[in-house]
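A.B. asks: Read in order, the letters of the sequence shown are residues 1 to 258 in the UniProt record's numbering.
Treat the hints loosely; a few may be bogus.
[Unchecked claim] Cross-link-like lysine-lysine pairs, in silico, BS3-like; alpha carbons within 25 Å at most: (1) K121 to K75; (2) K162 to K254; (3) K184 to K213; (4) K121 to K254; (5) K13 to K226; (6) K226 to K213; (7) K100 to K254; (8) K100 to K121; (9) K121 to K9; (10) K232 to K100; (11) K75 to K254; (12) K13 to K254; (13) K13 to K75; (14) K226 to K254; (15) K226 to K75; (16) K121 to K184; (17) K232 to K213; (18) K184 to K162; (19) K9 to K254; (20) K100 to K226; (21) K121 to K162; (22) K121 to K13.
Just so you know, the hints here were simulated from the structure itself, not pulled from any lab data. Here the structure is a predicted model, which is why all the values come from computation and not from measurement.
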Amino acid sequence: MSTLWWQTKGEGKDDLVLLHGWGLNAEVWHCICEELSSHFRLHLVDLPGYGRSQGFGALTLEEMAELVLAQAPEKAIWLGWSLGGLVASQIALQHPQRVKGLVTVASSPCFAAHGDWPGIKPEVLANFQQQLSEDFQRTVERFLSLQTLGTETARQDARRLKSVVLEQPMPSVEVLNGGLEILKTADLRNSLSNLTVPFLRLYGHLDGLVPRKIAGLLDEQWPQSKTVIFPKAAHAPFISHPQDVCQVLVEFQKQIAD
Numbered sequence: 001m002s003t004l005w006w007q008t009k010g011e012g013k014d015d016l017v018l019l020h021g022w023g024l025n026a027e028v029w030h031c032i033c034e035e036l037s038s039h040f041r042l043h044l045v046d047l048p049g050y051g052r053s054q055g056f057g058a059l060t061l062e063e064m065a066e067l068v069l070a071q072a073p074e075k076a077i078w079l080g081w082s083l084g085g086l087v088a089s090q091i092a093l094q095h096p097q098r099v100k101g102l103v104t105v106a107s108s109p110c111f112a113a114h115g116d117w118p119g120i121k122p123e124v125l126a127n128f129q130q131q132l133s134e135d136f137q138r139t140v141e142r143f144l145s146l147q148t149l150g151t152e153t154a155r156q157d158a159r160r161l162k163s164v165v166l167e168q169p170m171p172s173v174e175v176l177n178g179g180l181e182i183l184k185t186a187d188l189r190n191s192l193s194n195l196t197v198p199f200l201r202l203y204g205h206l207d208g209l210v211p212r213k214i215a216g217l218l219d220e221q222w223p224q225s226k227t228v229i230f231p232k233a234a235h236a237p238f239i240s241h242p243q244d245v246c247q248v249l250v251e252f253q254k255q256i257a258d
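Required output: the full structure, derived from the provided sequences and hints.
C.D. replies: Now the structure itself:
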């Protein structure tokens, strides 16, 4: 049976599990690990089929959540970026007793645009799926460049994301397609309305994949959760503004301390 690549580091009293986004792997957290490791025991994970967690096919959101939870500490703060935010949210919904706090970064409970709901147009996601089978690497690179558009350090941030992908084993087209399918179809808006664990949502003001309008809509729908918007960040605020993100996470840790 395949197991997930999992690394634990840090001296803090709280466990913090970090879940990366589509196409990437746990190396993406490199820029905040050092700062956070004095406050948390960090758990770096490659999601099933990504990076060093090879041997998995396309999975549903529920399957991915259960696989990650099986190797996780008994109770942790869960932080998920983008697709990882959906996985972390699913874990909080299915097993709230295992979640001390939930943090989503540049993530949406429903990535696809519907009617008045802002998001990625379904045809854009469908295009990505089609292009994956034609030119796998170029499609992934194009998606990565979308994540940093508009920031002052956009080119440098895009290069960093690209190197994270290329340094580790690439996910299969099947796994990437499965991830896009989750982004295209998942909708946790109503389920998360009833979430009882402390919940923090982080956004980039310039994010082209998760429009900032979502933050305001969810403030109304989920008054129990808290929002922070980083004014000059896009889809990867922890890469463009690592110190700001670390500061917010340490504050959150203090707020939910036992």
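A.B. asks: Run through the hints listed earlier and report the numbers of any the structure violates, in increasing order.
C.D. replies: 1, 2, 4, 8, 9, 10, 22
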